[in-house]
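Peer 1: Take a look at the letters that make up each chain.
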Amino acid sequence: MATGSGAAAAAADAEEKESGSRMITLTSNEGKAFVVTEASARQSATIRSMVDDGGCVDKGFPLPNVDSKTLARVIQYCDEHGNKEAHTVDERAALAKFDKDFIAELDADKAFLYDVTMAANYLHIQGLFALTTQCIADTIKGKTPEEIRTAFGIEYDLTAQDEEEIKEEDTHA
Amino acid sequence: MASTADGDDFRDWSGLPEDLLLTAMEAMQLPDLVHSGAVCRSWHSAFATFRRLGLRSPPHPPCLLYAADNAVRLYSPSSTGAHFRVPLLDEEAASGVVGSAHGWLFTSDRDANPYLLNPLTGARAALPPATALGRVRGRRFVFSPGDGGRRGVAYDVDFGRRPGGSPDVRQVMARRARRWMYRRVAMSASPSAATGCVVLLLHMPERELSFARPGDERWTPLVDGGVWASHGTSFLDAVHNPGDGLFYVLQDSSPGGDTVVHSLDLTAPPPPPSSPVATMLMFATPPRPCNHHLKKTMCRYLAITPQHPQHVAGGLEFLVVERRWRRSGSDDDVSTTEMYVVMLRPLDLYFYEL
Numbered sequence: 002m003a004t005g006s007g008a009a010a011a012a013a014d015a016e017e018k019e020s021g022s023r024m025i026t027l028t029s030n031e032g033k034a035f036v037v038t039e040a041s042a043r044q045s046a047t048i049r050s051m052v053d054d055g056g057c058v059d060k061g062f063p064l065p066n067v068d069s070k071t072l073a074r075v076i077q078y079c080d081e082h083g084n085k086e087a088h089t090v091d092e093r094a095a096l097a098k099f100d101k102d103f104i105a106e107l108d109a110d111k112a113f114l115y116d117v118t119m120a121a122n123y124l125h126i127q128g129l130f131a132l133t134t135q136c137i138a139d140t141i142k143g144k145t146p147e148e149i150r151t152a153f154g155i156e157y158d159l160t161a162q163d164e165e166e167i168k169e170e171d172t173h174a
Numbered sequence: 217m218a219s220t221a222d223g224d225d226f227r228d229w230s231g232l233p234e235d236l237l238l239t240a241m242e243a244m245q246l247p248d249l250v251h252s253g254a255v256c257r258s259w260h261s262a263f264a265t266f267r268r269l270g271l272r273s274p275p276h277p278p279c280l281l282y283a284a285d286n287a288v289r290l291y292s293p294s295s296t297g298a299h300f301r302v303p304l305l306d307e308e309a310a311s312g313v314v315g316s317a318h319g320w321l322f323t324s325d326r327d328a329n330p331y332l333l334n335p336l337t338g339a340r341a342a343l344p345p346a347t348a349l350g351r352v353r354g355r356r357f358v359f360s361p362g363d364g365g366r367r368g369v370a371y372d373v374d375f376g377r378r379p380g381g382s383p384d385v386r387q388v389m390a391r392r393a394r395r396w397m398y399r400r401v402a403m404s405a406s407p408s409a410a411t412g413c414v415v416l417l418l419h420m421p422e423r424e425l426s427f428a429r430p431g432d433e434r435w436t437p438l439v440d441g442g443v444w445a446s447h448g449t450s451f452l453d454a455v456h457n458p459g460d461g462l463f464y465v466l467q468d469s470s471p472g473g474d475t476v477v478h479s480l481d482l483t484a485p486p487p488p489p490s491s492p493v494a495t496m497l498m499f500a501t502p503p504r505p506c507n508h509h510l511k512k513t514m515c516r517y518l519a520i521t522p523q524h525p526q527h528v529a530g531g532l533e534f535l536v537v538e539r540r541w542r543r544s545g546s547d548d549d550v551s552t553t554e555m556y557v558v559m560l561r562p563l564d565l566y567f568y569e570l
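Order-wise, the sequence lines are chains A and B.
Going from the first sequence to the working numbering is simple: count from 1 and add 1.
Going from the second sequence to the working numbering is simple: count from 1 and add 216.
Treat the hints as calculated values from the structure; they're not laboratory data.
Think of the CB as a built atom: it goes at the ideal place given N, C-alpha and C, for glycine as much as any other residue.
Treat the hints loosely; a few may be bogus.
Claimed, not checked - Covered stretches of chain A, going by a simulated chain B footprint (3 or more residues, C-beta under 8 Å): (1) 107 to 120; (2) 123 to 136; (3) 154 to 162.
To be verified - Partial chain B-side listing against chain A, Cβ under 10 Å, derived: (4) Arg227; (5) Pro233; (6) Leu236; (7) Glu242; (8) Leu249; (9) His260; (10) Asn334; (11) Thr337; (12) Thr553; (13) Val557; (14) Val558; (15) Met559.
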């Protein structure tokens, strides 16, 4: 995530070092607590703004929309991108590999992809959200509407009027 | 969440929040986007929103866009070779399509005012109105029930042949102007591109050239300084060559004369200079069968050969595609009888200012 250059990045780094020692507790909708570094938690714009608003860092943050399994994986992403440096080629390659493996896992399990997408959206984790929406787009790539329905377990509910409106694809292939 | 049979693994993908789906759509290639819009009701509605908001998707591989049956059709050789029918948000737009470039259509509204339309997103870019064309003298609302029931917007168009000569103003109804006024169009870039978009328009009544940028108030006519007039009567086609950023226009040659192509540099930032730099390229016209009785029903297109797009004007190779056709029965029933592709051989170069 970090571009590793420029005044803004330097300022962010300085801020991270200053506040990086603080730990923040995130609680899943099942009541399970996860303790993370502030640098990791700041990957989420939602949490970042609550922390910056002088919010209840000590009390922790309940996340009623996220279950434990999903939260654990989302935190893995945030740890990777929040705690690790990405200045050298090797560091960046390691992050890229992490993202690639993460995507592969999301791709294999559509229910998991759904949960992580929703969590990334809710927590405003921009990098993760981009990964998940790209994964959705990749799943759709090259598929017919019927194949898309199968891939996501979507039921056909278009009315005759919708179909008339769509009048989609004439395949002369 | 409607949790049905699948238990733990079921996720309501059709209930995905719309803004989230829109973000995914922004990452999709065009055929996938169209297919997504046909999956279920909520995705269909998200697709409609995507188009209404004019959201942008990433650069697409080339698609062939053509107008047919009052709709725009899209052929995507890169995906599955499928044809798509893209319903336009404005039905009127399909019948006015003159040309397309960079994913945008040049079309006109009910009153024959031209604009650019992105058929997929529904985004529009304004162009100067019909009244801002050099030979359009005025605009009126006509209502004369006794005269064949003509009603609607009409334009006063000067058909006078020579500039400065006696005017010959005739009335052209807007619905006719939509099909008649705008002949060919070339665009330097997408209107959303940072480099700036110039639209070169070949239009009636004399198959003349004007250009404008989206948002301009007037069309700037390319008035001939004598060079054009001496080499023929009217223009046949216009193309833009991204390799050198120049427009190329094909001019009708006098019978037996050489073929003439002009290059035009219209890239100067606004305000446009009064004299865009032009170069005339002359070509020997290779002999080809000439059926005089068919001469009126043919049209020609200019194409630049793709292998050396970076060459400067003199090094480019041009093709002229000539299509001859026959009208059978109704106005729209046209069948192509012959096609010729002619490679132009360079004769000479002239540089001049307009």
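Peer 1: If a hint holds in the structure, say so; if it does not, say that too.
Peer 2: Checked hints:
{"no.": "1", "hint": "107 to 120", "in the structure": "holds (count 6)"}
{"no.": "2", "hint": "123 to 136", "in the structure": "holds (count 3)"}
{"no.": "3", "hint": "154 to 162", "in the structure": "holds (count 7)"}
{"no.": "4", "hint": "Arg227", "in the structure": "holds (4 Å)"}
{"no.": "5", "hint": "Pro233", "in the structure": "holds (7 Å)"}
{"no.": "6", "hint": "Leu236", "in the structure": "holds (5 Å)"}
{"no.": "7", "hint": "Glu242", "in the structure": "holds (8 Å)"}
{"no.": "8", "hint": "Leu249", "in the structure": "holds (9 Å)"}
{"no.": "9", "hint": "His260", "in the structure": "holds (6 Å)"}
{"no.": "10", "hint": "Asn334", "in the structure": "violated (18 Å)"}
{"no.": "11", "hint": "Thr337", "in the structure": "violated (16 Å)"}
{"no.": "12", "hint": "Thr553", "in the structure": "violated (24 Å)"}
{"no.": "13", "hint": "Val557", "in the structure": "violated (25 Å)"}
{"no.": "14", "hint": "Val558", "in the structure": "violated (31 Å)"}
{"no.": "15", "hint": "Met559", "in the structure": "violated (32 Å)"}
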